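K.L.:
Residue numbers (the numbering used here), protein chains in the order written: chain P, 7 to 439; chain Z, 7 to 439.
By construction, these hints were calculated from the structure, which means they are not laboratory data. The model shown is predicted, which means the values in this text are computed figures rather than measured ones. Misleading hints may appear alongside valid ones.
Because identical chains cannot be distinguished in the list, a pair is counted as satisfied if it fits within a single copy or across any two copies.
Unchecked claim - With a Cα cut of at most 30 angstroms, we get these calculated BS3-like pairs of lysine-lysine:
no., residue 1, residue 2
1, Lys261, Lys117
2, Lys278, Lys240
3, Lys12, Lys336
4, Lys192, Lys53
Number of protein chains: 2
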Amino acid sequence: MADVVKIGLIGLGTVGSAVLQILKTNRSVIEQRVGGKIFVKAVCDKKKEKENFAKRHKVAFYTDWRKIVNDPEIDIVVELVGNVPEARDIILWSLEHNKHVVSANKSIISKHWEEIFTLANKNNKLVYFEASVCAGIPIIQGINEGLAGNNIRSIVGILNGTTNYILTTMSKNNVDFGTALRIAQKRGFAEADPSLDIDGVDTAQKLAILSSICYNTWIKYEDIYCEGIREVDKVDLEFIEKEFGMVLKLFGIGKFREGAVEVHVHPTLIPKTHPLANVDNEYNAVLVYGDNVGDVLFYGRGAGGRAAASAIVSDVIYISRHIIYGTAGKIPYIVYQRKKYSVIPMSDLSFCYYLRFTVEDKPGVLAKITEILGNNKVSIASIYQKEPLLELHKLVPIVMLTHLCKEKNLMDALQQISHLKILKKKAVYYRII
Amino acid sequence: MADVVKIGLIGLGTVGSAVLQILKTNRSVIEQRVGGKIFVKAVCDKKKEKENFAKRHKVAFYTDWRKIVNDPEIDIVVELVGNVPEARDIILWSLEHNKHVVSANKSIISKHWEEIFTLANKNNKLVYFEASVCAGIPIIQGINEGLAGNNIRSIVGILNGTTNYILTTMSKNNVDFGTALRIAQKRGFAEADPSLDIDGVDTAQKLAILSSICYNTWIKYEDIYCEGIREVDKVDLEFIEKEFGMVLKLFGIGKFREGAVEVHVHPTLIPKTHPLANVDNEYNAVLVYGDNVGDVLFYGRGAGGRAAASAIVSDVIYISRHIIYGTAGKIPYIVYQRKKYSVIPMSDLSFCYYLRFTVEDKPGVLAKITEILGNNKVSIASIYQKEPLLELHKLVPIVMLTHLCKEKNLMDALQQISHLKILKKKAVYYRII
Numbered sequence: 007m008a009d010v011v012k013i014g015l016i017g018l019g020t021v022g023s024a025v026l027q028i029l030k031t032n033r034s035v036i037e038q039r040v041g042g043k044i045f046v047k048a049v050c051d052k053k054k055e056k057e058n059f060a061k062r063h064k065v066a067f068y069t070d071w072r073k074i075v076n077d078p079e080i081d082i083v084v085e086l087v088g089n090v091p092e093a094r095d096i097i098l099w100s101l102e103h104n105k106h107v108v109s110a111n112k113s114i115i116s117k118h119w120e121e122i123f124t125l126a127n128k129n130n131k132l133v134y135f136e137a138s139v140c141a142g143i144p145i146i147q148g149i150n151e152g153l154a155g156n157n158i159r160s161i162v163g164i165l166n167g168t169t170n171y172i173l174t175t176m177s178k179n180n181v182d183f184g185t186a187l188r189i190a191q192k193r194g195f196a197e198a199d200p201s202l203d204i205d206g207v208d209t210a211q212k213l214a215i216l217s218s219i220c221y222n223t224w225i226k227y228e229d230i231y232c233e234g235i236r237e238v239d240k241v242d243l244e245f246i247e248k249e250f251g252m253v254l255k256l257f258g259i260g261k262f263r264e265g266a267v268e269v270h271v272h273p274t275l276i277p278k279t280h281p282l283a284n285v286d287n288e289y290n291a292v293l294v295y296g297d298n299v300g301d302v303l304f305y306g307r308g309a310g311g312r313a314a315a316s317a318i319v320s321d322v323i324y325i326s327r328h329i330i331y332g333t334a335g336k337i338p339y340i341v342y343q344r345k346k347y348s349v350i351p352m353s354d355l356s357f358c359y360y361l362r363f364t365v366e367d368k369p370g371v372l373a374k375i376t377e378i379l380g381n382n383k384v385s386i387a388s389i390y391q392k393e394p395l396l397e398l399h400k401l402v403p404i405v406m407l408t409h410l411c412k413e414k415n416l417m418d419a420l421q422q423i424s425h426l427k428i429l430k431k432k433a434v435y436y437r438i439i
Numbered sequence: 007m008a009d010v011v012k013i014g015l016i017g018l019g020t021v022g023s024a025v026l027q028i029l030k031t032n033r034s035v036i037e038q039r040v041g042g043k044i045f046v047k048a049v050c051d052k053k054k055e056k057e058n059f060a061k062r063h064k065v066a067f068y069t070d071w072r073k074i075v076n077d078p079e080i081d082i083v084v085e086l087v088g089n090v091p092e093a094r095d096i097i098l099w100s101l102e103h104n105k106h107v108v109s110a111n112k113s114i115i116s117k118h119w120e121e122i123f124t125l126a127n128k129n130n131k132l133v134y135f136e137a138s139v140c141a142g143i144p145i146i147q148g149i150n151e152g153l154a155g156n157n158i159r160s161i162v163g164i165l166n167g168t169t170n171y172i173l174t175t176m177s178k179n180n181v182d183f184g185t186a187l188r189i190a191q192k193r194g195f196a197e198a199d200p201s202l203d204i205d206g207v208d209t210a211q212k213l214a215i216l217s218s219i220c221y222n223t224w225i226k227y228e229d230i231y232c233e234g235i236r237e238v239d240k241v242d243l244e245f246i247e248k249e250f251g252m253v254l255k256l257f258g259i260g261k262f263r264e265g266a267v268e269v270h271v272h273p274t275l276i277p278k279t280h281p282l283a284n285v286d287n288e289y290n291a292v293l294v295y296g297d298n299v300g301d302v303l304f305y306g307r308g309a310g311g312r313a314a315a316s317a318i319v320s321d322v323i324y325i326s327r328h329i330i331y332g333t334a335g336k337i338p339y340i341v342y343q344r345k346k347y348s349v350i351p352m353s354d355l356s357f358c359y360y361l362r363f364t365v366e367d368k369p370g371v372l373a374k375i376t377e378i379l380g381n382n383k384v385s386i387a388s389i390y391q392k393e394p395l396l397e398l399h400k401l402v403p404i405v406m407l408t409h410l411c412k413e414k415n416l417m418d419a420l421q422q423i424s425h426l427k428i429l430k431k432k433a434v435y436y437r438i439i
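Excised from the complex, chain P in its bound form (with noise of 0.2 angstroms):
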């Protein structure tokens, strides 16, 4: 039993510097949680100019990461460098070096989950990463123990701030695109470059962790099929809430059966009805369906420093405590069996579909359509002619509400209507749930 746990950080940035102050603010509370002292040994960032900060902290301050995993006094590394490949280093070498890791990175523990916990669990230490999905929402331990009782049968998530925040922005300030895009990246919401948030790379990491979580298994990043959502179109926007009453959010979906899953990212159409539906701006929240429990929803703010923190400062309580309590390590966090499991591709499952076509406004144009979506057994359940976009052009919007059909014979169908002279623009199209 110690008294007393020694951190070391690694990464100085929003999220590092958050952590160092609720550690300092809330320090009798935490203290009091964990039944013994935390103390922040030192403080690791590449950047030189970051050492000020840390003198203000009174901690000692290493551009070299290795210092600190080094240390053979510190107990618990918390690795906040980013989707750099020293990151999968800094956690790795930790674990080899006695020490117990907290982590936000979602790009890292998503690529290397196999390595990460094979040597965590061999090595008796525990890695956490409560951050590394929604921020300070406590669902990865809500799924990995608070649900344990379960078999989880889905999971269905808004895990993105920035993409919610701008398809929220299109939607009640009626703008494109790239309008909302650089209202977002103005706020603070999205990264000079946003590729990774916009074309939905940080939903599928995200989600193949809560999916790896559910199956005790690695779901790999790869394994899941993903759209962004840089061509939504304020167009469809509108149609969508207008005429339907629905609206559009990216989501993470993972579905659970005995050995398959099918995990998918990408802009989905929801009734406004639903659960998520009023999910707005830069908030996160996931619908875990248990087979017990039914239906849960976590939800809260999925991105800011201090949100973030909120979550690295409880795990770091967590193992803390265990720390203090001689138990650290003795039991796994994350059981991870290396097992088989098949993905569903993309094409065998059924979905309904919105699809908006532009066409010409000239007779017979729906029926060539609909022809062909008959021909590959999409069907129909309605459709909405609209006046035309662009008078000049006379190009008027089809739009149609299928009932379910395979993916693989929408997808056929799509090609073969691309190939229509009267089409003029990409067909556009939503999946529904």
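With chain P held as given, fit chain Z onto it using these hints.
P.N.:
Here is chain Z on its own, set in the frame of chain P:
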């Protein structure tokens, strides 16, 4: 280290039966999570006729719970006997007899908090009670561990499925309280004697538990101000929704400052855009505000045998893991510290209020009421005078919203107004948050 964990289950009602069923049907995934075997050694119920059920599950059956508590082989006692005095004995005796405890008993746990957790911590035993608040929603662990890096500033919760079902039914079906109660009873959402639910007692017990966790102390049920929904009139639900775009919910509210808390249960008005406004029917939700994480919402089904059993089984899994790995009870689950806190009296708190007066349709009536309100420093934000409700008697409702004012001032004003002859019914008031 053990390789099998032995369970004794006391109380074979809806929840107990569901627990036994889940431990059987989900056995393989549960044992995978535990890292060892779980074995229900014996069950107990006062009703002899439950023996057949036990036989079908091939489990020893007793009518006397002492047989289970005294069995030296049993590791975990699951106490599901409900709000009866034996429940306290079962929990305390189990802790004295070297057993960990899982309980769903909100009344006993909130009432005997100090006794239970002092003994548990003294004897290095665990008491888990996730199912006592919001059934399967992992809110206790969420606050206690997942949000540990925060000072929790407030909790606002719809904690009781029965009252939420009744209020939803009144509002959606436009029926009165009695009718909605009978519908709830018919559909299994209200008991034959629904007093504990509709008078807010159940909500207050759950609020006591959540507040005690936030504050690492014991917030007592008796310290919680409590109003139920028995007198809610559908007339107000209509006004509230149509005129003000709000809904009425029974809330448990806790707010925490250094050394001082406010804890109260009452029907409360919230705007339709509030995250809790769409929590309908038997669903529960808790909005927690942490100083770092901001708002976090937990939502799910708040009632039902399997939803509660989900939480109980999750608790059993957690404790069993620790038994298997030899760490159970080395760390207290609930940090309990006897410390003073002061409860701010309800009369010192301030709210905005919705008021409805039923008065004679005579000149000068409004002047009299507003004069008394003004004299008591209750300032009016808006007034709605409606057509007579009952043409015959010339009674009219006057509906008002107030600015923020002290509860004491409003109560004084209502007291004085109650003496006016023009007032034909007791004034209705609801707090707004």
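K.L.:
Take the hints in turn and mark each one as holding or not.
P.N.:
Now the hints, each set against the structure:
When the C-alpha separation of Lys261 and Lys117 is checked against a cutoff of 30 angstroms, the pair qualifies only within one copy, where the shortest distance is 20 angstroms, while the shortest distance between copies is 42 angstroms. Proximity of Lys278 to Lys240 under the C-alpha cut-off of 30 angstroms is found in both arrangements, the shortest distances being 17 angstroms within a copy and 26 angstroms between copies. Proximity of Lys12 and Lys336 under a CA criterion of 30 angstroms is satisfied in both settings, with 19 angstroms inside one chain copy and 21 angstroms between copies. Taking the shortest Cα distances, Lys192 and Lys53 sit within 30 angstroms of each other inside one copy (24 angstroms), while across copies they are farther apart (67 angstroms).
Checked against the numbered hints listed earlier, the structure breaks none of them; every hint is satisfied.
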